[in-house]
Amino acid sequence: MSFEWLIYFFSFIAPSLASLIVFLFGKKRFIKELISILSISLAIFSTASCWNALNLSDKKALLLTQTFYIDGFSIIMQLMVEFVALMVILYSSAYISKAYSHRKENFHIYYSVILLSTGFMNLTFSLNNLFWLYITLELGSILSVYLIVFNLNKESLKAGFKYLILINVGILFSLLGIILLFYMAGNPVMITNIGEVIKSLPRNIALLSAFLFIIGFFTKVGLIPFHLWLPDSYAESPSAVTVFLTGAVTKLGFYGLVRTVTIFSFNYEEIKILVITLSSLSMLFGAILAFNQKDIKKLIAYVSISEMGFIASALVLKTYEGIFGGVFHLINHTLMKGALFFATGAIIYTCGSRKIEEIKTLIIKMPAITISFFIGTLAVGGMPLFASFLSSITIFLALTNEGFLLVSILLIVSEFLSVVILLKTAISIFWQKNDKSKVSNSSVPFLMIFCTGLFVVLLIIFGIYPEIIYPIIDSATRGIIKIID
Amino acid sequence: MEIIYIAILFFTFLTGEAKNLKFSVLSLVPHSLFIVIAVFTIGYINEISSLYLIGILDLVVRAILMPILLLKCLKNRLEIETKPSISHPLSIALSIVVLSVGYHFVEIFKSFYLPYVISSFSCGLTLFIYGFCLFMSKRDIVKMIISFFIIENGIHFLIISMIPHMPKFIEISLTFNFIIAILFFVYLIIRLNEVFVKEEIKKFKESNSQRSQL
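As you go down the protein sequences, you meet chains A and B in turn. Sequential numbering of the first sequence, starting at 1, is according to my numbering. Sequential numbering of the second sequence, starting at 486, is according to my numbering.
In silico EDC-like pairs for lysine to aspartate or glutamate, Cα to Cα no more than 16 Å straight-line:
#, chain 1, residue 1, chain 2, residue 2
1, A, K154, B, E679
2, A, K158, B, D625
3, B, K683, A, E155
4, A, K158, B, E684
5, A, K60, A, D474
Keep in mind the hints are simulated off the structure, nothing from the lab. Model, not experiment: these values are computed from the prediction.
Next up, chain B with everything else stripped away, as it sits in the complex (with noise of 0.2 Å):
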């Protein structure tokens, strides 16, 4: 399990810090397929039917539609992230520390005092924390879509370590606000970009008239 959650961690670390747009989004994908394994396996140890379901539904949902739905964001835009509030090396810096240290951190306080969660716990909190940290940094809105989906995952995964048995509606109506979420962002950003291109156009024709009368 322990490899599973230190894969998740190194894709969400890719994710979170990548400077190109498109490689960000695509390392969504293999970080969303470790947690589908880890829902799976969680499932299979702990005997836990219901997160069989679950799983199915996060491969639909976190590993296929989500980014099918952020590489839309990235049409008619560059695909270099707007600057950050903090320089790279200390975004880097801060992200191995939150990810390393952190994870350990909430790992030994697991063991002492929440020794009956089930191991996904640690792995929850850690990208809980982290996808906080990196929303408040970031300026692209693509980036900040990204850090709402890392702190999701934390929350989702927070939930299966707390409450395996949750009523499968409650968990699939959680997914379906999700859904709901992530659809309006990408409808804003769709239009966003839009706005932008009209814009760059309407300032390369003026600038073109002006050379002409010029």
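Chain A on its own, in the form it takes in the complex (with noise of 0.2 Å):
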């Protein structure tokens, strides 16, 4: 093994270390911050590198000793876990201090959990073998529990319970799925060699094999009809935390998905169909059912898993601008469920209640939250100017060549139900004549300010420059279809 490869595992190496310290050290003061920061950023530095490498050699992947295999798409992944990591913590440094003051025992427990789960997905992102891949996906997920329940009131302590219960049980599907494709291949299933291994599958058992994979990971992402713990989870979690799941956890399905649903699709015009029926049941009744929420949360994880259908939908199109379209919906996807979320903290911050009419009593003028929180709903619509406008179209003409029309109507409209709802609530909440409100920006701190706006900028910035991130959805993109060839 060289010395490059070392570095190159630093991103799941430095969150797993650093998480035994926190979890050993992290009661002393900014102790727990540090090193998650540190840790976080030396991630960060690695995954950086070994996207020069990447870049650097002829191939599309970097493969070691048939055991770790990283490319493109593990790369953006890993990036994008890693931001939210280092996002989540700093604004928890400020906000669970106050919000989950009865909890002070546990930071360092909370601290350490992000850490290594942040390992653990990392560790999902560079792995070869899917029965590897499998068990870091499922440690990564399990360990978000602690997380959900921290609050450990009833509520959260339920909403856990049905997470842990309806996400084990669903991921054992999809290895259920592993079994199949290992026993048919009689060797190790790898993501180098599963496109070799579905092509040369009997008909019956490729279906099988696809329909457990599909069951497994869209139970892991949440959608429709499998979505049934991601309502609660997002609504009872730290708002910090509910970041976390949207912008991590549920990529690790997402994750899943791509390296064996997307090559049955590639395969199977019937996958591609049952997945793309699937996500538009999302997308609509997604949009849908966000209409009936009187929890500010819930409603945004609603709207969330709207989105998510229109990613799943574009992952299994047989073309370079679906794939494409997908992944970079993804990254907007975790921008602007960011946004969304970690303004809703603020507000949860200041007032203390989930609930959007208690919210209209007790809100207070906060100028940056209101614009954060109207710039991620107007994201959510797929405006100009936005970053998800430009994912948003693309999924839509991929499709529509695709044969897909009524499914790129679909999308265009649970993308205008999402805006209204979310518009109408922001509206309702923000836009108020209420001679009690003071502006206050302080009684919210810079920290939490600060991480909105950084999601904010970023779908502005990657809305009007995407050449930018282009290289790297390109890159992305082309690691999925290379394994598909």
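Given two chains presented individually in distinct reference frames, assemble the corresponding complex, making use of the accompanying hints.
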């Protein structure tokens, strides 16, 4: 093993080691924040080195002893998870000390779990063997339970239980799919050889296997009809954790989906149609169900389900544009939901409630948070100037070119519905004549405003200068297509 | 071998259908012990020495650790399960159908289409299907964990039947994952029970103070 690979391994070694240090010595003031930020920065450096090496090499992927496999898609996922983890840590340092002061003694465990979970996720994105991928993916998911139930009240415990049982049972279906592939192939199934294995499978077995993967990873992502865990978990967890769930944990499901179901869909038209049908259900019903919500976090959670439907439908299209749009929207989804949930966290921080009706009466004027929430909302609607406009339009065109005109219309309709409900809520909360309200940015800590603002700024930058992010999305798309070829 | 599988399915039935949760959890002990016996027997018949290690691991985790942890979950709560989504007689009838007819159907399927697969396949697939049915029909959180345990045992048998020579490290890691998941389940249930008890005490105090005021 070369020294270069050791540097690449820092993407998962650094957060895991830091997790242990924070767990043991993190009770002292600032140690947990400092070590967490340092380790995530090291992980980002490691991933950036990996990206550099990938660019310099002629190949589209880096492979080490059949165990580790890193391509453009792995790198984009690692960077996304690391960025989200960094933001969540920065935001949490200001947020949880007040909102969750009754759990003061366990703050170091909270940070430790975020770091360990990040480590496992980064390891998942670097592994080649599907069995290993399953093991780390499950561990990364299970650990998040501690974060969901951090408040330790009845509702959060129930939400945590729902998450744990549904994710565990759901993901076992994908394990069954891996076993089936392993049995039929007669040797370990890797990301590097899954394309060949799928081509050699009898049709019925291939369809059965793909179906099992769909159940497993759709549950992990939280798409309808496997979404039951998602709204409660998002609503009951601390807002910083909600961003971690939506920006990192559910992305693990998409990673599994791309590495398995996308390849099946390239070979079997039925799988593509099934995934696009289920995704359409998520798009439409996610947006419709959002209308019925009285809890602001649940409302955004349903809008999130709707958007994840766009991503899933794009990732099974047999074209470069489709996958490119899917990967781009994956990033935008993280940014949009990051901005919205962080802004919501600031609202809850000042009002102490998630209920829209209660927020209306308790809200104080917070210009920065208000602007961020509105920008997040407009980005969800795929408005021009925002990165989501480019990704939505790419998915729309790719779906239309592949003959799924109805689905592309559904995409526009659900985007419209999502933006209507979010705007309606935002206007009712922020745009009211309340004489008691005072302009008060100081009540929201600077770090919370900074993290929310950064997501918003990135949404605008990637919307105006998409060429900044295009090379890495292109590399990810080519990485996915390479496996299929 | 057939007798061992039938014994596993019988104790699975008791575990799944017993209304008393303590009895249900205790039935997991013979269920898991027979799984351990099956793993050792498969290892012996097919001369796969790595299965002995897996058998020992199963004995510790599935037959000893799991029931102890689940019994801990029953502290501070009623031992009768929460009413399931389907009636009990219907649930029993469905269980008998899945466990007996299902098992034989899978056995016939296996002998026709997968003759080279090790015998635990039929039992594994039946456990998986039954566990999933149980999971869909139960509302009690302990019963849901038991269903998860049954599904996991089914997967475990399927792995053994289809990939008997699977690298030991992967098998051990899968078991480790399973233990972590169960530990989290137990943590959540114990915390939930505590919250419920606190609520009950609060209600009791409130009703007492109301009475005294009257």
